[in-house]
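All chains, please: the whole structure from these sequences, using the hints.
What follows is each chain in one-letter form.
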Amino acid sequence: DAKTTQPPSMDCAEGRAANLPCNHSTISGNEYVYWYRQIHSQGPQYIIHGLKNNETNEMASLIITEDRKSSTLILPHATLRDTAVYYCIVSLRQAAGNKLTFGGGTRVLVKP
Amino acid sequence: EAGVAQSPRYKIIEKRQSVAFWCNPISGHATLYWYQQILGQGPKLLIQFQNNGVVDDSQLPKDRFSAERLKGVDSTLKIQPAKLEDSAVYLCASSFSFTTGPPRAFFGQGTRLTVV
Numbered sequence: 001d002a003k004t005t006q007p008p009s010m011d012c013a014e015g016r017a018a019n020l021p022c023n024h025s026t027i028s029g030n031e032y033v034y035w036y037r038q039i040h041s042q043g044p045q046y047i048i049h050g051l052k053n054n055e056t057n058e059m060a061s062l063i064i065t066e067d068r069k070s071s072t073l074i075l076p077h078a079t080l081r082d083t084a085v086y087y088c089i090v091s092l093r094q095a096a097g098n099k100l101t102f103g104g105g106t107r108v109l110v111k112p
Numbered sequence: 001e002a003g004v005a006q007s008p009r010y011k012i013i014e015k016r017q018s019v020a021f022w023c024n025p026i027s028g029h030a031t032l033y034w035y036q037q038i039l040g041q042g043p044k045l046l047i048q049f050q051n052n053g054v055v056d057d058s059q060l061p062k063d064r065f066s067a068e069r070l071k072g073v074d075s076t077l078k079i080q081p082a083k084l085e086d087s088a089v090y091l092c093a094s095s096f097s098f099t100t101g102p103p104r105a106f107f108g109q110g111t112r113l114t115v116v
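Heads up: the sequence lines are chains A and B, in that order.
The numbering of the first sequence is the working numbering, which starts it at 1 and goes up by one.
The numbering of the second sequence is the working numbering, which starts it at 1 and goes up by one.
Among the hints, a few may not be true.
[Said to hold, decoys possible] Quick list of in silico lysine-lysine cross-link-like pairs, BS3-like style, CA-CA up to 30 Å:
hint	chain 1	residue 1	chain 2	residue 2
1	B	Lys71	B	Lys11
2	B	Lys62	B	Lys11
3	B	Lys15	B	Lys44
4	A	Lys52	A	Lys69
5	A	Lys99	B	Lys62
6	A	Lys99	A	Lys3
7	A	Lys99	B	Lys11
8	B	Lys44	A	Lys69
9	A	Lys3	A	Lys52
10	B	Lys71	A	Lys3
11	B	Lys44	B	Lys11
12	B	Lys15	A	Lys111
13	A	Lys99	B	Lys71
14	B	Lys71	B	Lys44
15	B	Lys83	B	Lys15
16	B	Lys15	B	Lys62
17	B	Lys44	B	Lys78
18	B	Lys62	A	Lys3
19	B	Lys62	B	Lys44
20	A	Lys99	A	Lys69
21	B	Lys62	B	Lys83
22	B	Lys78	B	Lys11
23	A	Lys69	A	Lys3
24	B	Lys44	B	Lys83
25	B	Lys83	B	Lys11
26	B	Lys44	A	Lys3
27	B	Lys15	B	Lys78
28	A	Lys99	B	Lys83
29	B	Lys62	B	Lys78
30	A	Lys52	B	Lys44
These aren't lab readings, by the way, just hints derived from the structure by calculation.
These numbers were taken from a predicted model, which means no experiment stands behind them.
And the structure:
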């Protein structure tokens, strides 16, 4: 699976949009981009995933560049409960289930 | 829907003792994962099952760790004998396989193991 690079930490003001970047320059054509987050003392939680097109759900938006070498997770109106470590993962979808390889993630602190 | 259940939540053992963790995945999920998460690091995949078969156990320290998934449902992860460096949170996750549903993994709360 392709490796991802994320900034180790970032701060965000409550109520503002949080834009989390991820580089995955070695991604292959059939690998998906997944985002999970982990709130303190909990297991990781799925946020969103995409292949080529931008995606949006009730939690966030995912913007993938045309060359697919990077992506951005957007939390449109960050709240204090969005404080967490956010993981960007690149993974093949396969019959035996995705192989989810976590890196260090980005530690996001939402400040009042 | 019911989530991924893990037990126990916490365990403290002495080094060289053995310990077992239990995981009950979401009903219908064919894929089951065990991860080890050391404090301050991202989760590290130990083993991945598809039904009751092993898909990937390349990072499982097989001299001391073992896992099984009998009948393709519940799973247990065992450590024998434990070392100090095994202190971590052990996370279980499950998902549909690619062919049967959306490829999102659901994680349990984890078991926090302290080896003293």
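Against the structure, the hints come out as follows:
1. Lys71(B) <-> Lys11(B): holds (26 Å)
2. Lys62(B) <-> Lys11(B): holds (21 Å)
3. Lys15(B) <-> Lys44(B): The given pair, whose Cα atoms are some 22 Å apart, holds under the 30 Å limit.
4. Lys52(A) <-> Lys69(A): holds (11 Å)
5. Lys99(A) <-> Lys62(B): holds (19 Å)
6. Lys99(A) <-> Lys3(A): holds (13 Å)
7. Lys99(A) <-> Lys11(B): Holds, at roughly 28 Å.
8. Lys44(B) <-> Lys69(A): Since the Cα atoms of Lys44(B) and Lys69(A) sit roughly 24 Å apart, the hinted pair holds (cutoff 30 Å).
9. Lys3(A) <-> Lys52(A): Given that 30 Å is the threshold and the Cα spacing comes to 17 Å, the pair holds.
10. Lys71(B) <-> Lys3(A): violated (34 Å)
11. Lys44(B) <-> Lys11(B): The given pair, whose Cα atoms are some 20 Å apart, holds under the 30 Å limit.
12. Lys15(B) <-> Lys111(A): Cα-Cα ~41 Å, so violated.
13. Lys99(A) <-> Lys71(B): This hinted pair holds, its Cα atoms lying about 22 Å apart.
14. Lys71(B) <-> Lys44(B): holds (25 Å)
15. Lys83(B) <-> Lys15(B): holds (5 Å)
16. Lys15(B) <-> Lys62(B): OK: Lys15(B) and Lys62(B) at ~17 Å, within 30 Å.
17. Lys44(B) <-> Lys78(B): At roughly 16 Å apart (the allowed maximum being 30 Å), Lys78(B) and Lys44(B) satisfy the hint.
18. Lys62(B) <-> Lys3(A): Satisfied, since the Cα-Cα distance of roughly 25 Å is no more than 30 Å.
19. Lys62(B) <-> Lys44(B): Holds: Lys62(B) and Lys44(B) sit about 15 Å apart, inside 30 Å.
20. Lys99(A) <-> Lys69(A): holds (19 Å)
21. Lys62(B) <-> Lys83(B): Given pair Lys62(B), Lys83(B) holds - Cα atoms ~14 Å apart, limit 30 Å.
22. Lys78(B) <-> Lys11(B): Answer holds: Lys78(B) to Lys11(B) is near 13 Å, not above 30 Å.
23. Lys69(A) <-> Lys3(A): holds (11 Å)
24. Lys44(B) <-> Lys83(B): Given that 30 Å is the threshold and the Cα spacing comes to 17 Å, the pair holds.
25. Lys83(B) <-> Lys11(B): holds (14 Å)
26. Lys44(B) <-> Lys3(A): holds (14 Å)
27. Lys15(B) <-> Lys78(B): holds (14 Å)
28. Lys99(A) <-> Lys83(B): holds (27 Å)
29. Lys62(B) <-> Lys78(B): holds (10 Å)
30. Lys52(A) <-> Lys44(B): The given pair, whose Cα atoms are some 27 Å apart, holds under the 30 Å limit.
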